[in-house]
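Kindly generate the complete structure, drawing on both the sequences and the hints.
Going by my numbering, 5 is the number at position 5 of the sequence shown; the sequence numbering is gapless.
Heads up, a few of these hints could be off.
[To be verified] Cβ-Cβ distance ranges computed for the label pairs, FRET-style:
(1) ILE17 <-> VAL43: 37 to 45 Å
(2) GLY12 <-> GLN32: 31 to 39 Å
(3) GLY12 <-> GLU40: 51 to 59 Å
(4) ILE5 <-> THR36: 34 to 42 Å
(5) LEU41 <-> ILE10: 52 to 60 Å
(6) SER34 <-> LEU11: 38 to 46 Å
No lab work stands behind these hints: they were computed from the structure.
Beta carbons are placed, not taken as given, at the ideal position from N, Cα and C, and that holds for glycine.
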Amino acid sequence: MGRLIRLVLILGVLGAIALVVYAYSGYLQPEQTSVTRPVELNVD
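This is how it looks when you write it as structure tokens:
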């Protein structure tokens, strides 16, 4: 039972590390585009 818990903890830590590396690698960044929209202020 102790080995199973240890294995699950090790896999959890490795998964968390993999998620952080994947996030910092830049694959999760959205494409940036410039958006220009006219704004009407105090139309009354």
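So, going through the hints one by one against the coordinates:
1. ILE17 <-> VAL43: 37 to 45 Å: Between ILE17 and VAL43, where Cβ atoms are some 54 Å apart, the hint is violated.
2. GLY12 <-> GLN32: 31 to 39 Å: 34 Å, holds
3. GLY12 <-> GLU40: 51 to 59 Å: 53 Å, holds
4. ILE5 <-> THR36: 34 to 42 Å: 56 Å, violated
5. LEU41 <-> ILE10: 52 to 60 Å: 58 Å, holds
6. SER34 <-> LEU11: 38 to 46 Å: At roughly 43 Å between Cβ atoms, LEU11 and SER34 fall inside 38 to 46 Å, so the hint holds.
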